[in-house]
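Q: Okay, here's what each chain looks like letter by letter:
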Amino acid sequence: MHLTVWTYEGPPHIGAMRIATAMTDVHYVLHAPQGDTYADLLFTMIERRGKRPPVTYTTFQARDLGGDTADLFQRAAHDAYERFKPAAMLVGASCTGELIQDDPAGLARALGLPIPVIPLELPSYQRKENWGAAETFYQLVRSLAGPHMPTPGTARPARKPGEPARCNILGATALGFRHRDDVRAVKELLARLGVEVNVVAPWQASAADIARLGQADFNVVLYPEIAGLAAQWLKRAFGQPTIATVPIGVGATRDFITEVARLAGVDATAVLADETSRLPWYSRSVDSTYLTAKRAFIFGDATHAIAAARIASEELGFKVVGLGTYSRERARDVREAATRLGLEALITDDYLEVEAACAELQPELVLGTQMERHIAKRLGIPCAVISAPVHVQDFPARYSPQMGFEGANVIFDTWVHPLMMGLEEHLLGMFRDDFEFNDGAGSSHLGHGAKPVIPGRPEAPNPEPTTGLNADGRPDDRAHPVVESGFDPDGPPRNDGELVDKPIVLSWAAEAELELKKIPFFVRGKARRNTEKFAGERGISPITVETLYDAKAHFGR
Amino acid sequence: MNAPLLATPVPASGCSAPPVLRERGQREVFCGLTGIMWLHRKIQDAFFLIVGSRTCAHLMQSAAGVMIFAEPRFATAIIEEKDLAGLADANAELDAVVERLLARRPEIRMLFLVGSCPSEVIKLDLSRAALRLGQRFAPQVRVLNYSGSGIETTFTQGEDACLTALVPTLPAQPVDAEASLLIVGVLADAVEDQFRRLLAAMGITRVAFLPARRAADMPAVGPQTRYLLVQPFLGETARALENRGATRLAAPFPLGAEGTAAWLRAAADAFGVADDVFEAAISAPRERAHKALQHSRATLRGRRIFFFPDSQLEIPIARFLARELEMELVEVGTPYLHKDHLAADLALLPAGVQLSEGQDVDRQLDRCLAAAPDITVCGLGLANPLEERGLTTKWAIELVFTPIQGFEQAGDLAELFARPLNRRALLEV
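Chains as they are written, first to last, in my numbering: chain A, 52 to 608; chain C, 306 to 734.
Don't read these hints as lab results, they were simulated from the structure.
Where is the CB? At the ideal position from N, CA and C, for every residue including glycine.
The reader is advised that the hints may include incorrect statements.
Stated by the list, open to error - Partial pick of chain A residues on the chain C-facing surface, computed with a CB cut under 8 Å:
| hint | residue |
| --- | --- |
| 1 | G61 |
| 2 | P62 |
| 3 | R103 |
| 4 | C146 |
| 5 | T147 |
| 6 | S175 |
| 7 | H199 |
| 8 | T202 |
| 9 | N581 |
Stated by the list, open to error - Here chain A is said to cover these stretches of chain C; the calculated rule only asks that three of the stretch's residues, wherever they fall, bring their Cβ under 8 Å from a Cβ of chain A:
| hint | stretch |
| --- | --- |
| 10 | 455-462 |
| 11 | 541-551 |
| 12 | 568-581 |
| 13 | 603-612 |
| 14 | 622-629 |
Claimed, not checked - A few chain C positions that, by computed beta-carbon distances, are all more than 12 Å from chain A:
| hint | residue |
| --- | --- |
| 15 | R329 |
| 16 | R332 |
| 17 | G337 |
| 18 | S432 |
| 19 | Q445 |
| 20 | P640 |
| 21 | V666 |
| 22 | R672 |
| 23 | A676 |
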C-alpha cells in the first residue's frame with residue numbers, strides 16, 4: 052500500500068478516456084461502479100468541453116455482484132452501440148471492474164457488433180494515466196491501421212517527384228497540457244516547410260483517419276509518453292520514421308525543423324532564417340542580465356521537464372538546480388538530461404518528496420506542475436507551470452502553445468514574469484528600510500496581495516511574505532475558480548515542520564541576525580544556510596557579522 | 306424547561322403520493338467518498354484514510370471540479386498489485402500506513418478508515434483493522450471505519466455511513482437525564498450557531514449537534530434524546546440513533562422560510578414551547594427570509610425546473626422552489642427516495658409532480674432535452690454539455706457545499722437558482 056494525498060496521474064483508464072474523448076467517433080464502454088463517472092467532469096469542467104466524453108459506464112452496484120455483472124456489461128455495450136453508433140468501440144474495466152474479472156473483451160466479442168471492438172487491458176494496480184493513454188492509442192492504431200499494413204519486408208514506395216511529403220502528428224489528446232495549441236503551432240511550422248499533414252491523431256481524428264495513418268511518409272510525435280509506443284509500431288509496420296525532437300524551445304524547434312526538412316527532402320534555410328521567436332533577442336537584451344544563473348527547479352512529465360531544462364540552461368541562462376519527473380516510463384531520458392547538467396534526476400510520483408527536494412535546493416524559480424505551484428506558494432518561491440496534471444487555468448482562452456517559435460515566446464513570458472525585475476532587485480538590496488518599497492511589499496509589477504504567513508517558521512527558509520499572488524501573477528483567490536464552495540479550499544495552514552529543513556542549531560549574534568535581514572528575502576534563506584554551513588564546519592559560534600561576510604566571500608554569493 | 310412531549314406522527318402522504326419513475330441504468334453520480342470533502346472540514350481533528358485505488362485518490366482531487374492542494378485531513382492508502390497478489394499482508398501494510406500518518410499528524414484524534422469499491426470487492430475487513438488500530442493508538446486516537454464505496458453508497462450517503470459509524474461510540478446519557486435535542490447532519494458552522502440561538506430563544510437549551518466540531522465533543526445520546534435531521538440522506542444514522550433509544554422528530558427539512566419554520570416547530574412541539582414564545586422567537590428571522598426571497602421571485606416564478614438525481618436534497622429543494630418561489634417542477638430525480646423521512650416534504654409537493662428514483666442517464670437526458678426546462682439541476686459531468694445544447698443549469702454539488710439551511714440562508718438558496726438565469730439574460734455573447 053502506498054500512502055498518497057495527491058497524485059500526478061490518474062489511473063490508466065483515464066488515459067484511455069483521454070484518447071477516446073479526443074476522437075470523433077470512438078466509444079468506450081467501461082466496466083466500472085457509479086463513482087467512476089466523476090471522470091466526466093475532468094473533461095466537462097477542467098477542459099470546459101461542451102460534450103460528454105464518449106464513455107458508457109456499467110455502474111454496477113453491490114447487489115449486482117452476486118448476480119450477473121457480465122450480463123450488465125453486455126447490455127451496456129449493446130445499448131451504447133445502438134444509441135451512439137460509433138465507428139469503433141473500446142472496451143475495458145476500471146480498477147474495481149478489473150477485480151471482478153468479467154472479461155469485457157470476450158463479452159464484447161460475443162455481441163458480434165458490426166464495428167471493430169478493441170479490448171483494453173489496463174492494469175490499474177500497476178500502471179497510470181499516461182501509460183493507459185499510450186497503450187490505448189497503440190491498440191487503436193494496431194487494430195485500425197493494421198489491416199492496411201504492407202507485407203513485411205516490402206520497401207516503402209518512393210514519393211513521386213514534385214509530390215509534397217506527408218506526415219502524421221501523433222500524441223495530442225483531450226485533457227492534455229496545451230495540446231490544442233501545440234497541434235496548431237506544429238501544423239503551422241509544417242505548412243511553412245511545405246509538408247502536408249496526413250492525419251492528426253488522436254486529436255479530432257476519426258476511426259477512418261487512424262486506418263489511413265500508413266499513408267504518411269513519417270510521424271511527428273508531440274508527446275512520446277502518449278504516442279511513442281504507437282509510433283514504434285508504425286515504424287515497424289509501415290517503415291515510417293519518427294521525428295524524435297519535441298519542438299519546445301527555440302533550439303529544439305530549430306532541430307525539429309532541420310529534422311523534418313531532412314526527412315521531407317525540403318530546404319529549411321528560409322524557414323530557419325525567418326525565425327519568429329522573440330525569445331533569443333529578449334534573452335540577449337541587457338534587461339535580462341538579471342536572469343543569469345537564477346536557480347531553477349524543474350519537475351513535470353518527462354517531455355516538458357527535459358524541454359524546460361534545455362530552455363532554462365541554454366536559452367535563458369538559468370542554473371538548473373533540480374530536475375525530475377513523475378513519468379517512470381521515461382526515467383532514463385530524464386536521468387540522461389540531468390546528467391548533462393551535472394545533476395541527479397528526481398524520479399518520483401510522491402509530491403511530498405518533490406516538496407522536500409524543492410525546500411532543500413532553495414531555488415529562485417520553480418518550473419513544475421500545479422502541485423509544484425502550490426509547493427512553491429508555500430515556500431514563497433516564484434513558479435511557472437510547465438506540465439500536466441492540468442488545472443482549469445491550463446486551458447487559456449487565448450492561443451498559448453508551448454511548441455514552435457510562438458511557444459517559445461509564451462514560455463519566455465510565463466517564466467520571466469513571476470521573477471523580480473532586475474533593478475528592482477538591486478534597489479531592494481540597497482534600501483532595506485523604505486517603509487513601502489521593501490521586500491515585504493512584494494515586487495511592484497505584481498501588485499500587492501495578501502501576504503501568506505507560514506506559522507511556526509519565523510525565520511525558516513524564505514519565511515518572508517511573498518507577493519500573495521499565484522506564480523503566474525494573478526491573485527490567489529482565482530486559483531480555485533470553479534467551485535464556489537462554502538468552505539475555504541486552502542484551509543488552515545498545514546503542519547509541515549518535518550518537510551522543511553530546520554536550520555542547523557547554531558546561535559546567531561543579534562547583530563548578525565539584523566545584518567541577515569538586510570539581505571533580500573529571495574536569497575536570505577540561501578545566505579542563512581551557507582553561513583550556518585560555513586560556521587558549522589569551522590565550529591564558529593555564535594555567528595557574527597564577520598562570519599556572515601566570511602561565508603559570503605567563501606561561497607562567492 | 307418545558308416537559309417534552311412525544312412527537313406527533315407525520316401525516317402520511319396518502320392519496321397525494323406522487324408517482325415515482327424507478328430507473329436502473331447508467332448512473333452519473335459520485336460515490337460516498339465525496340462526502341469526505343465536507344466531513345473533513347467539519348470535524349476538525351478527524352482524519353479520513355481511504356483504503357482504495359488510484360482512482361479513489363484521483364476522484365478526491367478532482368471531485369470539486371478543480372484540484373485543491375492545501376494538505377487536507379484525508380489521504381488514500383492505494384492498494385497495489387502486491388497487496389492483491391498476496392505478496393504483502395494488506396493488514397500489515399495498512400498498519401504501517403496508519404503509523405506513518407499519525408506520526409505526521411499528531412493533532413489527529415479520530416481516524417476513519419474509509420472503505421472503497423476495491424477494498425469492498427477484495428473483502429478487506431476494515432472493521433477488524435479499526436479495532437486493532439484503535440487498541441494500538443488508544444487513548445490518543447479513536448479509530449472508526451465505514452464504507453464510502455460506489456457500489457454501496459451514492460454521494461451524500463457517505464455522510465450517512467460516517468455518522469452511522471459514529472453513533473455507537475457516542476457517550477450514553479445518564480438514565481435520569483432531561484430530554485435534549487440532537488440535530489443530526491453536517492451544517493455550516495454559522496448555520497449551527499443560528500439554530501442554537503433560535504432554539505435558545507424558545508427556551509430549548511439542551512441542544513447538541515452530530516457531528517460535533519471536535520472528536521472529544523461528540524454528543525451523548527439515549528432514550529431522552531429527541532433528534533431532528535437536517536439532511537434527508539441520513540437513513541442509516543437515524544436507525545442507529547433509534548437503536549440507542551433516540552426518537553426522531555418528524556418534520557420537513559429546514560430549507561426555505563416555510564421548511565425552517567416547520568422544522569423548528571417540530572422541536573418546539575416536542576419540548577412544549579408555547580405558541581407565542583415560538584412565534585416571538587422566529588417571527589423576525591422568518592420575516593427576513595420572506596424579504597430575502599423577494600429578490601429572486603421575479604426571476605424564478607413560473608420557470609420550469611428539472612432535477613437530475615444527485616444529493617437526495619432534490620425533494621425538499623423542489624418543495625421550497627415550488628411553494629415559496631412558484632416554480633414549476635418538470636421532473637424531480639433523486640438517487641434514493643426515503644419515503645419515511647421525506648413524508649412531510651412529499652406531502653407538500655404540488656399534485657401530479659413527476660418524481661424519479663435511480664437513473665438511466667441517457668434516457669433521462671432524452672426526457673430533459675424533450676422537456677426543455679428553463680433550468681436544470683445536474684452534476685458537473687452534465688452541466689456544460691447541457692449548456693452547450695442551450696439549456697441553463699445549476700450544479701447540484703453547490704447545494705451541498707453551500708450553507709442553505711435556515712431562515713438566513715433562504716434567500717441564498719433561491720439566489721443559487723436565480724443566478725444562472727440572470728446570467729443567461731445578461732450575456733450578449
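Q: Would you mind marking each hint as holding or not holding in the structure?
A: Evaluated hints:
no.	hint	verdict
1	G61	holds, 4 Å
2	P62	holds, 4 Å
3	R103	holds, 5 Å
4	C146	holds, 4 Å
5	T147	holds, 4 Å
6	S175	holds, 6 Å
7	H199	violated, 34 Å
8	T202	violated, 40 Å
9	N581	violated, 29 Å
10	455-462	holds (count 4)
11	541-551	violated (count 0)
12	568-581	violated (count 0)
13	603-612	violated (count 0)
14	622-629	violated (count 0)
15	R329	violated, 9 Å
16	R332	violated, 4 Å
17	G337	violated, 8 Å
18	S432	holds, 16 Å
19	Q445	holds, 16 Å
20	P640	violated, 9 Å
21	V666	violated, 8 Å
22	R672	holds, 14 Å
23	A676	holds, 19 Å
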